[in-house]
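So the sequences go chain by chain: A and B.
Following the working numbering, the numbering of the first sequence begins with 1 at its first residue and continues without gaps.
Following the working numbering, the numbering of the second sequence begins with 1 at its first residue and continues without gaps.
Don't read these hints as lab results, they were simulated from the structure.
A couple of the hints might just be wrong.
[Unchecked claim] Under the rule of at most 20 angstroms between Cα atoms (straight-line distance), these lysine to aspartate or glutamate pairs were calculated in the EDC-like manner:
| hint | chain 1 | residue 1 | chain 2 | residue 2 |
| --- | --- | --- | --- | --- |
| 1 | B | LYS163 | A | ASP89 |
| 2 | B | LYS111 | A | GLU6 |
| 3 | B | LYS163 | A | GLU73 |
| 4 | B | LYS118 | A | ASP58 |
| 5 | B | LYS118 | A | GLU6 |
| 6 | B | LYS118 | A | GLU56 |
| 7 | B | LYS94 | A | GLU94 |
| 8 | B | LYS94 | A | ASP95 |
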Amino acid sequence: MVVPLEHVIGLSAILFTIGTVGALTRRNLVVILMSIELMLNAVNLSLVGFSRAFGEVDGHVFVLMVITVAAAEVAVGLGIVISLFRNRDSVNVEDVSLLKW
Amino acid sequence: MSFAAGLFYVMAALAVVTALGMVLNLRNTVAGAMCLVVTMISLAVIYVVLDAHFVAVLQIMVYAGAILVLFLFVVMLLNLRSDAFTPSRATAPKVVGAAVGVAVLAAFLAKLPDALPKVAEIPADFGSYRQVGLALYRDYVVPFEVASFLLLAAVVGAVVLAKRRLS
Numbered sequence: 001m002v003v004p005l006e007h008v009i010g011l012s013a014i015l016f017t018i019g020t021v022g023a024l025t026r027r028n029l030v031v032i033l034m035s036i037e038l039m040l041n042a043v044n045l046s047l048v049g050f051s052r053a054f055g056e057v058d059g060h061v062f063v064l065m066v067i068t069v070a071a072a073e074v075a076v077g078l079g080i081v082i083s084l085f086r087n088r089d090s091v092n093v094e095d096v097s098l099l100k101w
Numbered sequence: 001m002s003f004a005a006g007l008f009y010v011m012a013a014l015a016v017v018t019a020l021g022m023v024l025n026l027r028n029t030v031a032g033a034m035c036l037v038v039t040m041i042s043l044a045v046i047y048v049v050l051d052a053h054f055v056a057v058l059q060i061m062v063y064a065g066a067i068l069v070l071f072l073f074v075v076m077l078l079n080l081r082s083d084a085f086t087p088s089r090a091t092a093p094k095v096v097g098a099a100v101g102v103a104v105l106a107a108f109l110a111k112l113p114d115a116l117p118k119v120a121e122i123p124a125d126f127g128s129y130r131q132v133g134l135a136l137y138r139d140y141v142v143p144f145e146v147a148s149f150l151l152l153a154a155v156v157g158a159v160v161l162a163k164r165r166l167s
């Protein structure tokens, strides 16, 4: 392995933290979806790193599943964003508080 | 340091910088999406360094090729004005959120070196299409089929959501 495993997992943790903070602090629904994509990518990176460390390709198959879920989530999420924009003329999460108690 | 290791650190720095650019860029959503494209591509290079060639190709094709195009398409379709997002009134939750995030990250990174497994030796064709394909179609054939149902449901759901007006 050309780089130590802890550097790979550390990079994954850094990217996951950036994505989490972005998803929790931004107000733009599209940017929140992009932050969730970043978090899924960080998980993929740690799966690939551990797959390499254990010498098994099972992690690569799990990455394929995560990518499938990410694609499905983006398709449905952006469909919801378009639907919201038609009805509310906004993609700001503060304008979408119907379910907020 | 070998060329591959140097490539890893350069691409890791690029990924972190562009991810920060995507999250901190408050004005321009298109620029944020372009930052995320660079993050995805640098992660693909890192996958090649980690002997995951099949996953690297998938990363470029699905993330940089399909998902980010979908994001850019929606941003341009909605024609989001750059002044549509006045900064949130409260800055305290953001500061506290970022501080907690950094604290958790620091605690994780401090624990990291003791918690990892030993690195195994791998065969020369590790991560090739042949190896991943064998695992995918022999050991994981049921999850693979379930994934295709998931995609079908997502396509139908996206069309229904984007077409119908909510009452």
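- Which hints, by number, does the structure contradict? none
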